[in-house]
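Okay, here's what each chain looks like letter by letter:
Number of protein chains: 2
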Amino acid sequence: MLPSPIDLSEKLKQFTDQWSPKTIAEMDGFQFKLVKVQGDFVWHQHADTDEAFLVLAGELRIDFRSGSVVLKPGQMLVVPKGVEHKPFSEHECHLMLFEGAGTVNTGDAAANELTSDPTAEL
Amino acid sequence: MLPSPIDLSEKLKQFTDQWSPKTIAEMDGFQFKLVKVQGDFVWHQHADTDEAFLVLAGELRIDFRSGSVVLKPGQMLVVPKGVEHKPFSEHECHLMLFEGAGTVNTGDAAANELTSDPTAEL
Numbered sequence: 001m002l003p004s005p006i007d008l009s010e011k012l013k014q015f016t017d018q019w020s021p022k023t024i025a026e027m028d029g030f031q032f033k034l035v036k037v038q039g040d041f042v043w044h045q046h047a048d049t050d051e052a053f054l055v056l057a058g059e060l061r062i063d064f065r066s067g068s069v070v071l072k073p074g075q076m077l078v079v080p081k082g083v084e085h086k087p088f089s090e091h092e093c094h095l096m097l098f099e100g101a102g103t104v105n106t107g108d109a110a111a112n113e114l115t116s117d118p119t120a121e122l
Numbered sequence: 001m002l003p004s005p006i007d008l009s010e011k012l013k014q015f016t017d018q019w020s021p022k023t024i025a026e027m028d029g030f031q032f033k034l035v036k037v038q039g040d041f042v043w044h045q046h047a048d049t050d051e052a053f054l055v056l057a058g059e060l061r062i063d064f065r066s067g068s069v070v071l072k073p074g075q076m077l078v079v080p081k082g083v084e085h086k087p088f089s090e091h092e093c094h095l096m097l098f099e100g101a102g103t104v105n106t107g108d109a110a111a112n113e114l115t116s117d118p119t120a121e122l
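Taken in order, these protein sequences are the chains called P and Z. Just so you know, my numbering puts the end of the first sequence at 122, numbered straight through with nothing missing. Just so you know, my numbering puts the end of the second sequence at 122, numbered straight through with nothing missing.
One thing to keep in mind: the hints can contain errors.
Same chains, same label: a pair holds when it works inside one copy or across any pair of copies.
[To be verified] Derived DMTMM-like pairs (lysine to aspartate or glutamate); straight-line CA-CA distance at most 25 Å:
1) K11 with E59
2) K13 with D108
3) K72 with D7
4) K81 with D108
5) K11 with E84
6) K81 with D7
These are calculated hints, taken from the structure and not from any lab test.
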């Protein structure tokens, strides 16, 4: 059985909801996810996994307690485990995430209206 | 200390050698690497790590013993550990790899002129 190519643009066309990461590939206990984001997220951290962000379209600001980093398309960043962060995007931004399998998007923050199903996949 | 944004295009400008992956980010024992490839690689497999390929520019064919998969820009694929594969690209192709830290590009194949330093980074 041949591994299947995964087309990021095609996958992005398959959903419109925001702040709801969808797993598109898995390896060695980690998952690649696509997500569309807009507006302000909540402060949170992931105790058990580093988290990589790669911007595919739009612009993402990630706020840290010590300052902010802005990512444009083709730019990525790794947020180490345990580091509080809060993503923000004025306009819709499309991202690929890479993080430990089953990671909940809102991390250690109390479950809220932004908390999405960590098992969602495309 | 803020995490730094990593610009894939800027990193790609920093080297010209082919078949020589450079680590650009690390997380949880895994590494993101950039590599430029052209021509035929060797058959090999990685016993200890799955390996993800994301095409950034050009076109990559990955041959498996059971057939071939072609990846265009914005397409990715995960090669499971232990699965023999051989990348090929007629023209130069730019890739991002994600694999276990320290993975040697030629895997289980005898070291040869295509084997590169697994500790190279940008």
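Verification of the supplied hints:
1. Taking the closest pair of Cα atoms, K11 and E59 come within 25 Å of each other both inside a single copy (19 Å) and across two copies (19 Å).
2. Within a single copy, K13 and D108 get their C-alpha atoms no closer than 30 Å, and across copies no closer than 39 Å, so neither meets the 25 Å cut-off.
3. Taking CA atoms no more than 25 Å apart as the test, K72 paired with D7 passes in both settings, with 20 Å inside one copy and 9 Å between copies.
4. With identical chains, the CA atoms of K81 and D108 are at most 25 Å apart within one copy only, with a shortest distance of 11 Å there and 32 Å across copies.
5. In this homomeric assembly, K11 and E84 never come within 25 Å of each other (Cα to Cα): the closest approach is 29 Å inside a single copy and 27 Å across copies.
6. Taking identical chains as interchangeable, the C-alpha atoms of K81 and D7 lie at most 25 Å apart only when they sit on different chains, with a minimum of 22 Å there against 28 Å within one chain.
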